[in-house]
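*Asks:* One letter stands for each residue in the lines below.
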Amino acid sequence: MLQRIRGAPPRYWLVGVVVLFFVGFPTVISSFLASEWAQALILAIAIMGLNILVGYSGQLSLGHGAFMALGAYTSAILAHHFKMDIVATIPIAGLLTGLVGFVFGIPALRLSALYLALATFALAVVTPSLIKRPAGLTGGVQGIILTQPDPPGFAQSAYGFLTGTAMTSDQWIYYICLFCALILFWFAWNLVRHRPGRAMRAIRDGEVAAAASGVNIAGYKTLAFGISAFYAGIAGALFALATGFVSPDTFPVSLSIQLLVGAVVGGLASIPGPLLGAIFAYFLPIESSQWVPSQSWIPDQIASTVKNAGPAVTYGAVLILIMIFAPNGIVGLVYRGYVALNRRLRGAADRETGQMPPNPQTV
Amino acid sequence: MQAFLQQVVSGIAIGGIFASLALALVLIYNAMGLVNFAQGEMAMLATFVAYALISRGMSYWIAFPVTLVLAFGGGVVIQRVVIRPVERAPILTLVIITLGLATLLNGLAGFMFGYVPRSFPSAFSAQTIDLLGVFISYRDLGVIVVSGLVLLAVYLLLQHTTVGLTLRAAAHHPEASRLLGVQVSWMLGLGWGLAAAVGAVSGIMVAPILLLEPNMMQSIIIYAFAAAVLGGIESPLGAVVGGLTVGVTVNLAGAYIPFVGGDLQLAVGLAIIIVVLIIRPNGLFGRAATRRV
Amino acid sequence: MTALLEMEAVHAGYGQTSVLHGVSLSVPDGSVVSLLGANGAGKTTTLRAITGGVRWTGDIRFGGRSLRRMSTEDVVRGGIAHVPEGRGILTELTVDENLRLGSHLRRDTKEVRKDYDRVFEYFPVLKERRGLSASTLSGGEQQMLALARAFLMKPRLMLLDEPSLGLAPMIVRSIFEIIRSINQSSRVTVLLVEQNARIALDLSTRAYVLEVGRVAVEGESEELQGKESVRRSYLGY
Ligand SMILES: Nc1ncnc2c1ncn2[C@@H]1O[C@H](COP(=O)(O)OP(=O)(O)O)[C@@H](O)[C@H]1O
Ligand SMILES: [Mg+2]
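Chains as they are written, first to last, in numbering that gives the first Met the number 0: chain A, 0 to 362; chain B, 0 to 292; chain C, 0 to 236.
Treat the hints with caution; some may be incorrect.
The following label-pair restraints were derived from C-beta to C-beta distances [what the hints assert, rightly or not]:
hint, chain 1, residue 1, chain 2, residue 2, range
1, A, Ser295, B, Ser124, 47 to 53 Å
2, B, Gly132, A, Ile91, 56 to 62 Å
3, B, Leu283, C, Lys109, 41 to 47 Å
If the Cβ cut is set under 8 Å, some of the chain C residues that face chain B in the computed set are [as the list claims (entries may be wrong)]:
hint, residue
4, Met69
5, Glu72
6, Pro83
7, Gly87
8, Thr93
9, Glu96
10, Arg99
11, Gly101
12, Val124
13, Ile170
14, Lys226
15, Val229
Hint data in this document are derived by calculation from the structure and do not stem from the laboratory. Using N, Cα and C, we set each Cβ at its ideal position, and we do this for glycine too.
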């Protein structure tokens, strides 16, 4: 047993440490911070969904906030109108959204990458007004207020036994989110390592070649849409649970952009990318909106403008800069650093030889 | 009947605004096979520039062309600074960059001008005249005339000047154009500048109606998408016809379909986009199947 | 005669694959020079190197000035008209618009008008089709349009990449006659890439034969035509 652990590659160790960290640290931080980290995990799930679609299958959705809205409202409506246990609604919301995503993926097959981006963007912009309309069901502009669940007995006693303190509702919700995130990241990891993931990447890198090697293009592209929407649906349901409230304004187009920022910053087509991207995309506006007003040297009026406009400016600038300078995001940068370090350690032994150096004469 | 015609006329007026923005989209699409998601925000920022000029005492009819020139310059700068480094990147990268640009410009406008909606002057009075039994406001009429003039100017520029010829050449066949001495990269800059100026017209025309604030163009860009897609995204004429059609359709749907009303008009725009893309992806005037992926 | 174009030990290629391995050639001012060779020998790549379409090392001089680091646009503006493989017709535009692109950089309006008259004398069919989309032209007519457009650029040097490709022999003959006349009466120097060696050698004074990216044979056209061994092994007739 010990042998096996020692023999494991370093990245398994890293995963173990990260998981332990996420399991352990809510016990030492405030209940409020735990709820913030729950939100970051929710974002990570949605971004992982987007990453499967964009990073692995090469289909760009600028409207994933709409799928989150669908999941959140499914969960809220089931809990509010049908008095279901809100935790039990989470898988239902995921499956329903996944199904809708799958169906959405069928007409999407006919669209070029550009048109798909355009249509999904339009969907994201229109989503809030679509939600408002069936007001009897969705609560219209007011939305739906939900009661957040208390931790069940087994969780209470386990938590009390391990930490000696009582578990709050926010901590319980955090652990639900963590549980979902772990499962879904594990699932994604398996997905991309096996046949479906290989097929999706083949399609992304060239449909003609993929078709020639026998990949079922239509099947895998719609599957990617379905899985991606499933993730967004789960994230939406968790979002309703963690916020205790859904309304049309919770799902503006900027949510979809936030998801895209997270996916791009973390690194498309990678597994740790969405987690890193989510932490960035979630905490950046929060931290900056707290930090700026706390600085006494910044005049109040400027501070309030910065608070409002800051996230958009940063998100926009980050999207542009990352796409120009580091299209593989944080993960790509880390990987590049790792390779450079390795090469330096191994010396110049395997430098390319012989070839005529390319002349800077350009096209 | 009279009420109906009135709806049609104001639909045409708003459609002219959509057409201007759609034309801006078409210009950039033709130049580089890209839908510019920042077109609306560029127009919004230009409108703020016009606002700043007018509120410093410049007359409307001087501020208007000055703004267009500044917008043109801004468009060229954006192409040089943001787009050129990634000119040959995959389309996904370019789309994400224009979306980033949209977000950035939106934030910058909020940063500089705040989020409080401001009333923007119109050059035309809100009084109406009776035209064959239909009451038309000078404002609608003015919007129609100005949009018409802009579209005409763009048409003349593209079809009847050497610059327009080289612009079109560079857009369709960059390699062959280079061999004829056309400076393709600058043509892209010019295309962005032109698109920015044309888009700015839509912002200035719509601001008196919607009130000026950073999110002003968020719905207009959806209608412009619908117009461009309906017309066939590579066709300037299509953008105009598409814009007018979308304007009238949305107006009539809002007035006569109770289910749509005021708040689902935007959904009509979305519906047009989706239906056209699925049934006839090349739109009304687009050539068949020149998919650039 | 002084050389208008000189290439010296030019290496060029696409990405990692190198195609030209040290090509040197010289095109005297006012002459027609043929560049021959089998398919894939590197003829097109040589022309692309001259107008900056591929990366290259070595030196290329035009009118005594090095073309190193110059963009395609600047090379072309300097007086080289390149009719590329496939003719480079802008099929979205009309015949007239294609011609206007040829002359769009010129400021000598009067001369331009005369040149248009010349062009329509050479190719009456283009005058008839002026308003039509260039995509409606036949292959031969497209080649005529490409030549006419190159002529309207008023170049000192024309690079022609297989003007005979895919055309009926009758049309090829008349096109080559016009190339000869452009060379002689307008003193335009021509570097002619051809697979059809016989007809190219008839027109040119000098010729180079490329073989896998190197000059295998060079000499006066007549001399090459006379050598049975050269004809057999390199020119295939
Ligand atoms: N765009 C390209 N990318 C990579 N290789 C190319 C490209 N164009 C030509 N080649 C290669 O360069 C070699 C020479 O091609 P080319 O110059 O077109 O020959 P020719 O014109 O004499 O037929 C060929 O082996 C061809 O495969
Ligand atoms: Mg060739």
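*Asks:* Hint by hint, which ones does the structure fall short of?
*Replies:* 4, 8, 12, 13, 14 and 15
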